[in-house]
Amino acid sequence: MNSRAYSNPQQATETGPFLASTEAVALPLAGRQALLIHQSLNELLHGIRGIHVFSQVGMSKPALKGIFDPLSAWIRAQEADADGLPIATFDHPFSVAQIRALRNTIELVMLDLGQEEFSTRTGFSLAEAAALLDRFNTALLYPLRIDRQSQAVAH
Amino acid sequence: MSLSGEDARRIAHAIAFGHAYWKHVAEANEFGELITQSTFEQLILETLLYPEKSRPLRLKRTAFWSANEGLLVIHNPIDPDLGTAYWPAEGRHEFESLF
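These protein sequences, in sequence, are chains P and A.
Each residue of the first sequence is one higher than the one before, starting from 1 at the first, in this note's numbering.
Each residue of the second sequence is one higher than the one before, starting from 1001 at the first, in this note's numbering.
What the hints contain is simulated information worked out from the structure, not anything from laboratory work.
The beta carbon of each residue, even a glycine, is placed where N, CA and C say it ideally should be.
One should not assume that every hint holds.
[Said to hold, decoys possible] Covered stretches of chain P (in silico footprint by chain A; criterion: 3 or more residues with CB under 8 Å from a CB of chain A, positions within the stretch not fixed):
(1) 34-45
(2) 86-100
(3) 113-120
With the hints as extra help, turn the sequences into a complete structure.
So this is what it looks like as structure tokens:
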């Protein structure tokens, strides 16, 4: 869970329910999650054919490369555990627009590769990817302060 | 990474007659023309036996890259089809960024 979703918590009340797209959000990622994002970006940028990146993801290909390249360099520089996963935490703030684009990337790659290929091509399960999607959605919806534990759905 | 001829033939057959043919050849037409499963199997076999590059990935998977064909084969021993084979949009970059 995020310890601090806003760089400036005051901003939530000032700008309404939406996070400014350029605002930095603290979203530390376990090495496992960082590698899953990297593998999903690799599929989007280099693997899957026929994607209209900007319209389907909400960010241009060069902008996504701007996330992918430093993440790739970070992963290659890390010590890995016995499963080949980076031991360290990737603690680099993302903008709201980047989180939204990463959320869209993972969803798109999950749907394109599907049950048959997601694990073979990325090295992760669809369930792990779904959990990461949930984490991104939680971060993006942080301004709503949804209490998922106690708020029952009324029908 | 090098495979024995017997292993390579077994893997190539499983991949060519699994989901990869329908997904990447028949539906997506990544090769550019419709080829038979036997032809697909032969392309996979040549990539497994004579890759330009190959390297181990996490979870006992192995990637094989054929620059000539633009074909990437991933052997995944726990997959029912033993992996997949496809023509990535940017094959060399895809291969080099796999973990």
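Hints and how they fare:
1. 34-45: With 6 residues in contact (Cβ-Cβ under 8 Å with chain A), the coverage given for the stretch 34-45 of chain P holds.
2. 86-100: Violated: only 0 residues of the stretch 86-100 of chain P have a Cβ under 8 Å from chain A.
3. 113-120: Holds, because 4 residues of the stretch 113-120 of chain P bring their Cβ atoms closer than 8 Å to Cβ atoms of chain A.
Of the hints listed earlier, the one the structure fails to meet is number 2.
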